[in-house]
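Residue numbers (the numbering used here), protein chains in the order written: chain A, 2 to 334; chain B, 20 to 414; chain C, 768 to 1308.
The hints are simulated quantities; they were obtained by calculation from the structure and are not laboratory data. Treat the hints loosely; a few may be bogus.
Unchecked claim - Not everything, but these chain C residues come out facing chain B in the computed CB check (under 7 Å):
#1 Lys770
#2 Ala773
#3 Ile774
#4 Thr775
#5 Leu776
#6 Val778
#7 Gly1107
#8 Glu1111
#9 Trp1209
Virtual Cβ for every residue (Gly too), placed ideally from N, Cα, C.
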Amino acid sequence: MTTDVKFYQVGSFAVGNRLLSRDLRTVQSEETRANALTCGHRACRGCGEALGARYALDTAIEATKGKLVVVNATGCLEVFTTPYPESAWQVPWLHSLFGNAAAVATGVASALRAQGREDIRVVAQGGDGGTVDIGFACLSGMFERNDDVLYICYDNEGYMNTGVQRSAATPPAARTATTPAVGPEPGNRFGQGKDVPAIAMAHRIPYVATATVADLHDLEAKVRRAMELRGARYLHVLVPCPLGWATESDETIKIARLATQTGLFPVFAAENGDVVDVTPIRHHVPVDPYLEAQGRYAHLFAPSRRADVIARIQAEADRNIVRYDLLGRRGGT
Amino acid sequence: MPEQLEGSVAVARTVARCRPQVVCAYPITPQTHIVEGLSVLVREGSLAPCEFVNVESEFAALSVAIGASATGARTYTATASQGLLYMAEALYNASGLGLPIVMTVANRAIGAPINIWNDHSDSMSQRDCGWLQLFAEDNQQAVDLHVQAFRIAEELSVPVMVCMDGFVLTHAYEQVELPTQEQVDAFVPLYQPRQVLDPQAPITIGAMVGPEAFTEVRYLAHETQLRALEVIPRIGAEYAEVTGRPGGALVSAYNMTDADIVVVAMGSVLGTLKDTVDELAADGTQVGVVGITTYRPFPAAAVRAALADAARVVVLERAISPGVGGPLTADVRGALAGLSTEIVTVVAGLGGRAITRPSLRAMLLEAGRGALDLLTFLDLDLPQIQRAQLTGAGR
Amino acid sequence: MDKPFAITLDVGSSLVNKTGSWRTERPVYLDLMPPCNDACPAGENIQQWLYQAEDGGYEQAWRQIMLDNPLPAVMGRICYHPCQTACNRGQLDEAVGIHSVERFLGDEAIKRGWTVTVDIPASGQHVLVVGSGPCGLAAAYHLRRLGHEVTVVDAQEQLGGMMRYGIPRYRLPREVLDAEIARIVGMGVHVRTDTRVDDLATTMSEGGFDAAFLAVGAQVGRHTEIPAGDSARIIDALTLLQQASGDGEGPQLGQRVVVYGGGNTAMDAARTARRLGATEAIVVYRRTRDRMPAQPEEVDEALAEGVRMRWLSTIAAAEGQRLTIERMELDGNGFPQPTGEFEELDADTVVLALGQEVALDLLDGLPDVDVSHGVVAVDDNRMTGHAGVFAGGDMTVGDRTATTAIGHGKSAARRIDAWLRGSGSPGGARPALAAYERLNGWYYSDAPATVQHELTTARRVSTFDEVTAGLDEETALFEARRCLSCGNCFGCDNCYGVCPDNAVLKLGPTEYAVDLVHCKGCGLCAEECPCGAIEMVPETT
């Protein structure tokens, strides 16, 4: 979904450029961006979720001309933004509980509809715990009813707020506080996965997309598309967590980029249950550099290299590449 | 003009006249008829503008209500029993956020063992969740309390439960006079939310509060509840003025003249009790009846005043706190602290067990003789218990 | 609104939380030395003028070049563009075609008649410039811009030195050279051609000059002892090039021409010989191709034009049209050693291109000017041992290229100015090099296949200069936009965008600042800066 512009210095990969026309720049490049999430929040250094939330909401604000209400599940994003007496939000924002953000958002949308104010749009957001685990029932209910809500999951692959425990979004072999790197099969077990974007697609809702903080143009395009549509929409954004993934604070974007370039995190969009757009891998890399950069996988490389485990992870990436045609081998998406 | 109506239908039609903008519910017996009635009214358009949301659980039902209420919509839901417990987390949240949601609780026992019939264990279990709890004695009062509940909730910015006994009231056909739409419109003004999610004036609702201010937040919530003790009678009086029917009070009193013994109770059993004490009075035994209409906040002063002259008080409970006795008794005992009143508890009508006049009469006569234990289970089937104990099944 | 206590908060109230106190490192914007600028002997701020050209600001870009180099159209043709050799983009795909963009801008200036004016008051001081090659002209130009009166004296009939008399027309059309020289002269530079300075001291005192800059170049062809009979026709490469430089017919060389030497002049001579009608032009060089001093592309072009090469060969003797060639071999140190094996080669003319030497006779009256290893010694300020007499270009130490000469002319002008005004010598510390490793290559687009074709064309244009036309505007713009802006902000907004704490402020297009009250020092801005222009610096507490 990158913009097609004949400009090769930084093309459409950087946040902005003085040479790009205004409509081809990102919202984030504008001095007038909303900063839905502003300074003074207490996220860790290099927090991917803080970045992802501002990216997504600023775009939604622009798309709705400021007519936006946000509902937030309990989690890092809620805790680091609103410790009394300081709020880092600059949007109308409501936090209720951990597992009910989707339902609360339905309530907001229902109220706005009853009040004849459907010009005001609703975004619900939460981490992976609040989305794929405890909030899953409410999320599925919201999807099934096709309520006019964009739900954004900021996926950092674990319960980071409570001290890095495993969630259903924690990838295989990753070390968390509840999947420790001990024993013959260290880290999280290999399961069949809980692919919420695919589950969302199974609801045949108008829009499902994945994105990362490493590709801002793509993320913004997806939020914009989502806001063009009515009904239940789902955006799953990969947001690396320096604390939980044991990475340097300046590597957040790089890690997200590697996640996409390995194929471990496929970036695509689906409408009404069918994939309509796949963001191809630009510089394909094996999973090794992605894994090696993260302390949560350190046990795969020391004291001895667990080639068997790495091979299984590589197989996951390869499967995604085939499944979503991430290398564009089937020609044109 | 009085009509012969099922309690649920009467409540549904009354709630509709209060012009809720968002109604959401998850079906659970014996609440279903209420929300079925509302869904019809919404679908046929007679309640427009109103959104009826069919949710996937009670947790979602109250969560939808939270979102809607925070957006400035008048919001209603209904539940019972397990459903209320499944809402528990959201109950505390709604009250903590100060959202004036009105909810009917069709009181029902809690499992296991699963039981769909009436007692008060469900709302009793949520007595500390920060919601006002109003208990209806009959369907007419249920109707009247619902109208007042919206006023009280919105004036105080707190959520209100209107509790009515499952089946006994919800499914009973009685003569009920509904307030007219004009009366309701005159009595319940347009909802003016204390705070609202509005892009024109954005605010952050639901902050995280640490030790430095949490106690103060709770203190203020407590003060609001105490304020309700003044607001409820005032609004009740206004309601009486508009409709000509008695408005909700904190407590009700019956046959108190020369009554040494007074029975304290809540809900539909009050009707049976009044019939029973009438019979006893005819036989020359004066037993008074005090009904608790406002259970939360607990109107301790009103209860103390009502019971000031009683020598003996029997608290008739439709719930049990295992290992303790009756939850209502604890509140009554607190209200009468320092007085020499003799207070006993009678647990009755659990899981839908009928509370009959003969049983009540026998119990009250025994109470008059001072022969009741501190805790009595009305109509307890002792042989059954003994058999269970003998086989070891009772352990 | 009567908001509930503590549970409901005002938006943006977190601003009071000074998260900057978490920081252990702070981001600092850098202006590093881009490799192109670093490599440019003329000291051009290439990156800056590419930046200006990127949005079509061609005149602004040209004026930026003119701050350092008064001959963009010339240098856009004859410079060996070390900037492109150094260009970091070469490690990503192919180097930016800086050379052709410079030529485009230079031609654009000629086409549009852009001129440079002297914008500061006259200093009242007069400087003599001896020699009108790239070095002398550059010095004259800069001295004029600095407010001094300048007189250029040259022994030749026309200005331009080696550019006119040493570089073939196919590499530098004379109308381009004339246009750029005319622009300099038009700034009020006095010119005296056909005037040889034999006695500098006298010339200076008679002319009332306050300082002199010597840039007479190295114009004496170096000779070697070739035992030759009288009938052998041996000429000097410079003579050949000079004779071929005018509009008239060049010298008659015959069918077979042997050029002796391996530098750029040898290539020019061989190619000129071909143009003058030689059917065979053979370069005889004593070492191997990879040890040849000539620029590889010059060799390529010569080969493409049919010039033949004889590596590892020396001319042992010349008799009539018969040359005796000795085969050489390289010793362990890479030096050619004679083998005693001989063969013969026919040549109508032998052109000697063995390097040039400086004619130093004009210094005869100035005994305090030191000469060593055949060149004039200068100090850091380009001043000779005689106060007020400066020197540069081929007559001093340095690469003997036109671009180096322009650099000497510029730096000499600034130092002469400082000396005349009695101020300190100009110039500050050189910033650190923006090495390729500092860049975040992800952000630079891959050029798609269609563009690869354009790239190749651009390369070809830049090397086959006058054979093909110069860049059109679209291609020039494209090339300019391929600049990675190594080590210097180009306004991509990445730092502003990627900060999770909104702690990078965008003050305006391409202007940023760090909000140190809130910056937590995560380093994302530095890591994600495409051009490596941000560095994390430890806090000192």
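### Query
Looking back at the numbered hints, which does the structure fail to meet, lowest number first?
The structure breaks hints 7, 8 and 9; every other hint is satisfied.
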